[in-house]
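S.K.: Generate coordinates for the entire structure from the input sequences, incorporating the hints supplied.
Read top to bottom, the protein sequences are chains S and P.
Under numbering that gives the first Met the number 0, the first residue of the first sequence is numbered 0, with each subsequent residue one higher.
Under numbering that gives the first Met the number 0, the first residue of the second sequence is numbered 0, with each subsequent residue one higher.
No lab work stands behind these hints, which were simulated from the structure alone.
Misleading hints may appear alongside valid ones.
Unchecked claim - Restraint ranges, calculated between C-beta atoms of paired labels, are given here:
id : chain 1 : residue 1 : chain 2 : residue 2 : range
1  : P       : Asp245    : S       : Ser19     : 18 to 26 Å
2  : P       : Gly96     : S       : Glu94     : 30 to 38 Å
3  : S       : Leu77     : P       : Gln284    : 52 to 60 Å
4  : P       : Asp273    : S       : Val88     : 51 to 59 Å
5  : P       : Ala280    : S       : Phe87     : 51 to 59 Å
6  : S       : Asp68     : P       : Asp5      : 21 to 29 Å
Each residue gets a CB set at the ideal place from its N, CA and C atoms; glycine is no exception.
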Amino acid sequence: MSVDQSTVRRIARLARIKVSDEEVPALEGELNAILKWIEMLNDVDTGNIAPLTSVVETSMKKRNDAVTDGGYPDDVTLNAPASDDHFFVVPKVVE
Amino acid sequence: MTNLTDLTIAEARAGLAAGDFSASELTEAYIEAVEAARVLNAYVVETPDIARQMAKASDERIAAGTAGLLEGIPLGIKDLFATKGVHTQACSHILDGFKPPYNATVTQNLFDDGAVMLGKLNMDEFAMGSSNETSYYGNVINPWRRSNSNAALVPGGSSGGSASAVCAHICAGATATDTGGSIRQPAAFTGTVGIKPTYGRVSRWGVVAFASSLDQAGPIARDVRDSAILLQSMASVDAKDTTSVDVPVPDYEAALNGDVRGLRVGIPAEYQVDGMPQDIARLWQQGAAWLKARGAEIVEVSLPHTKYALPAYYIVAPAEASSNLARYDGVRYGLRVDGNDIIDMYENTRAAGFGKEVKRRIMIGTYVLSAGYYDAYYVKAQKIRSLIKRDFDEAWNKVDVMLTPATPSPAFAPGEITDPVQMYLNDIFTVTVNMAGLPGIAVPAGLSEEGLPLALQLIGKPFDEETLFRTAHVMEQDAGFTARPDRWW
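M.R.: Structure follows, in structure tokens:
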């Protein structure tokens, strides 16, 4: 499988990365080189193999459903590029 | 008196305990060495004031008889680990100005044991790279140079700053992380020792995520004993990381008993790749001969799916990265580049904030997870991963540990490898270990024809780091690797 320039633009949109028209041809070439190299996996018959879900055989950890952390909104918004009264500020999304 | 920065952690610990010098004196010697080695670009931030405060506190605890395991030992911390109030940016532009109000579990463990922080170490952006050329803060330079050459070499990556700093003696030891080889490959390129522990041995809490099913933190150190001491402190069972495995941390230093009699050492046939440089092939045979002479048994084993590990990794790791890095949106932390609306702001921020290699991997990951391709790529890769793990599980019936080369070449020059796939091949011998969640250690074992360090890798069973340390320690003694780069910096 390979990607064309419109697919590159679609992936970039999905990934929320703005790409310029000049960047698209180079990305197309690089992504296709990687996808072509990955094609060797098709040589392996994986018909009866289950996909790996965890490298360590272990049961899911559980804990009591209790609040054990929190209560420091100053810290939570400390690194925000824009915040106001412990809220993150973003461009207007609802007209 | 010897230069304090030339002491290993074990030697410095003994000197501090005996009162030969204070933690403050030791730290002062390192602060000077760090300043004198800025041309290596190993540190992105130096924290001398914090180091002096921590050393003073260490001296008080030593005087009070309450010294910890790493009391007064000056360390460098990879920029991927959260350090309270200090630059933690994964060497990416997108995390500009981020100072976490908390420590990663690993950093906290080290500080609780008395370690002193000298600063934050350079790395490939988000740990994506094999040469430390993708950092927003510029290339790290390897202290080593080829014989009769002044040309700069890369220290490997992604933990290039950690490896370069340990090699140059501008920290006593360093934290590092390994997703596909990012501890072992830079250790190999700089003649240092690096261990990637079993997945789940070290908490990932507070470590900036790259590929969560593969990432694991470990130390880079000057020798095997120091790496055992550091892992002792870094490893823990942590309720904050659900993949942290509930197995007690053994006494790793006690495992260094020099006895490998009867140990079954596997040599995987598939690691004999076409075009392996002769000096690396010779060193591999030499490593097996050393262990055999010590009473170990050398056993040929087969890991049939080895060659599929790297292409499968380049599906799994970018897929996980594309999900993990979705959090960098210009809202909660780091860089924000304004736009016409919120989507435009996201897209502008991520376009400006991520470097080329990171964007490439996010896009590959987004593609392989997108509708219609998920089964063909992601599920297929996870099935290959099952086969890789099964190969190892079967081999463990015959052997206790495996011996392989660590890297397919010694260090290369910046700009020498520009093709992404060629760069990815650096991890050909290390990546299987991450895919199967196993521990692996790189030990310097000799010099290449060009006079550069070469390393061997030992691969262990899950949670059997002790056998790795024991075997590596024996190999280190037999290799007698004492070569040092000429001090040109």
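S.K.: Of the numbered hints stated earlier in the document, which are not met by this structure?
M.R.: When the structure is compared with the hints, numbers 1 and 6 turn out to be violated.
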